[in-house]
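K.L.:
Sequence:
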Amino acid sequence: MKIVTTLSVAALALAIAGTSQASSHREAPFITEIPKADATDFYAFNSYEPGRGGFVTLIANYNPLQDPYGGPNYFSMSRDALYEIHVDNTGDSVEDLTFQFRFSDTLGGATGNGITLPIDGKDVAVPLKNVGGVTAASNAALNYKESYTLTTVVGDRRTGTKNVATNTAGGASTFAKPYDNIGSKTFPDYATYADSFKYNVKLAGCPAGSDIGKVFVGQRKDSFAVNLGEIFDLVNTNPLGGVDDETDDLADKNVTTLALEVPIGCLTGGNDNGIIGTWTTASMPQVRVLDPTPKALQAQINSGAWTQVSRLGMPLVNEVVIGLPDKNLFNASEPKDDGQFIDYVTNPTLPALIEILYPIAPAPSNFPRNDLVAAFLTGLEGVNNNGSVGEMIRLNTGIAATALADQSNFGVAGGDNAGFPNGRRPGDDVVDAELRVAMGLLCHLGLGLCEPADAPAGLAPITDGVEQRPDQFDNAFPYLTTPIGGS
2 MKIVTTLSVA
12 ALALAIAGTS
22 QASSHREAPF
32 ITEIPKADAT
42 DFYAFNSYEP
52 GRGGFVTLIA
62 NYNPLQDPYG
72 GPNYFSMSRD
82 ALYEIHVDNT
92 GDSVEDLTFQ
102 FRFSDTLGGA
112 TGNGITLPID
122 GKDVAVPLKN
132 VGGVTAASNA
142 ALNYKESYTL
152 TTVVGDRRTG
162 TKNVATNTAG
172 GASTFAKPYD
182 NIGSKTFPDY
192 ATYADSFKYN
202 VKLAGCPAGS
212 DIGKVFVGQR
222 KDSFAVNLGE
232 IFDLVNTNPL
242 GGVDDETDDL
252 ADKNVTTLAL
262 EVPIGCLTGG
272 NDNGIIGTWT
282 TASMPQVRVL
292 DPTPKALQAQ
302 INSGAWTQVS
312 RLGMPLVNEV
322 VIGLPDKNLF
332 NASEPKDDGQ
342 FIDYVTNPTL
352 PALIEILYPI
362 APAPSNFPRN
372 DLVAAFLTGL
382 EGVNNNGSVG
392 EMIRLNTGIA
402 ATALADQSNF
412 GVAGGDNAGF
422 PNGRRPGDDV
432 VDAELRVAMG
442 LLCHLGLGLC
452 EPADAPAGLA
462 PITDGVEQRP
472 DQFDNAFPYL
482 TTPIGGS
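As numbered in the numbering used here, residues 2 to 488 make up the sequence shown, in order.
In case anyone wonders, no lab produced these hints; they're calculated from the structure.
Please read all numbers here as calculations on a predicted model, not as lab measurements.
For each residue, glycine too, the CB sits at the ideal point set by N, CA and C.
Any given hint could be a false lead.
Here are the simulated PhoX-like pairs of lysine-lysine, each with C-alpha atoms no more than 25 Å apart in a straight line [to be verified]:
1) 163 to 337
2) 123 to 186
3) 146 to 296
4) 296 to 123
5) 203 to 146
6) 199 to 186
7) 123 to 37
8) 328 to 37
Pair by pair, the computed Cβ-Cβ distance ranges are [claimed, not checked]:
9) 358 to 107: 44 to 52 Å
10) 235 to 161: 40 to 48 Å
11) 55 to 148: 24 to 32 Å
12) 162 to 107: 26 to 34 Å
Work the whole structure out from these sequences, hints included.
P.N.:
Next comes the structure, spelled out in structure tokens:
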């Protein structure tokens, strides 16, 4: 694969960051009502764990802003939702392969009706989801357990061929999910406990020889870093100030991670360029009826066609690019239909807001913003452009992974072609780049998309004050770190 000049790649890398990369917590009015279906971050990258060349890791985080002490019910996934990771390998912005996750939950105890204690001759159900210590070897003290199934769909997500994934050890088609990190008395060694829920999986529907991967679903520490409170308080910070990790408002939060490691041959479908486009969605049944007499864990009845309520490829698109009237619509849409949102890219409001709220210099004047159109919808020519038009994370699987110690947190812009925007890794820092490009950095890099005079603030070293780095993460699947304990 021919790589374009370093200057062009770096510029376009920052351009894409400028339109679309950051965390996506509570980004639309409706999704705030159903946080279990709210995607927060999505990652797609060539696996950099030693010995895992030839694999791609896909990570979808859900259920934002989890306080570790959020008991007694903590943060389960929805038994009524359909969680999906989609892959386009033909360049038409339509999924060719989808990985579907469905969750179920049960009460503990020998009969599955909950743990009870004998109180004066009566067996009475306990009020808590755990009644004792839990280890990788024994979870009998858990009063609530979650599991999930994984289905590979070849073709259209609803009408394609469905294939049930199975555990390579024993052939089971149901996988257990670890309970959230309540604290050190319940979990003397949570890291070891959670590691026991990483599975080798046979991905039926993938080509023979490219059908064995890994899966992990469970709580992790929130993988994004951002000065969330001050940014949305009318940029109540100094965008030209220094970096201070103490301003990371997500430093004490957890999320729920759906992580897959998939052979490249499964994802590319044998295409001739090795490029894929990826995104995650969550859907709910159209009809929800509350049960006036709920029983055990069932409090509502759902029916009707699946209706998409959450969508995430390159995050922050819905938060700061899409206008408030269309945020719910964006979450319900697909990449192939993104032309309906084009005005938000060609005539973006974020630069004008930055100019008003923190007058560094005038916002860029090159309209339509063709620099952002190229970044938002097409990928990088010669790197990860596969002809598709639509918002998604694009990854060239033919560009080898960079070892953790050698990664640049600015990805391609830092001379590391295996990083953002060629996919997205956990340690890729993108918020600072986003702010700078929104104010016209691309106009100063000689790409012919706009001129320096169009963007007087294009070279300003704008920052949100928080740094994202590769060394904040693990060097093995699922890469995201052990969740913070509630106690």
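K.L.:
Work down the list of hints and note, for each, if the structure agrees.
P.N.:
Quick rundown of the hints versus the structure:
Distance restraint check for residue 163 and residue 337: the Cα-Cα separation of roughly 22 Å lies within the 25 Å cut-off, and the hinted pair is therefore satisfied. Restraint check for residue 123 and residue 186: not satisfied, since their Cα atoms lie roughly 28 Å apart, outside the 25 Å limit. At most 25 Å may separate the alpha-carbon atoms for a hinted pair to count; residue 146 and residue 296 meet this at roughly 17 Å. For the hint pairing residue 296 with residue 123, the CA-to-CA distance comes to about 21 Å; that is within 25 Å, so the pair holds.
Proposed proximity of residue 203 and residue 146 is supported: the alpha carbons are some 23 Å apart, at most 25 Å. Between the alpha carbons of residue 199 and residue 186 the distance comes to roughly 23 Å, so the proposed pair stays at or under 25 Å and holds. The suggested pairing of residue 123 with residue 37 is violated, with an alpha-carbon distance near 36 Å, which exceeds 25 Å. Distance check on the hinted pair: residue 328 and residue 37 sit about 18 Å apart at the alpha-carbon level, within 25 Å; holds.
Distance hint check for residue 358 and residue 107: the Cβ-Cβ separation is about 50 Å, which falls inside the suggested range of 44 to 52 Å. At roughly 46 Å, the beta-carbon separation of residue 235 and residue 161 lies within the given 40 to 48 Å, and the hint holds. For residue 55 paired with residue 148, a C-beta distance near 29 Å keeps the hint of 24 to 32 Å intact. Distance hint check: the CB atoms of residue 162 and residue 107 are about 30 Å apart, consistent with the given range 26 to 34 Å.
Figure legend: structure checked against the earlier numbered hints; hints not met, in rising order: 2, 7.
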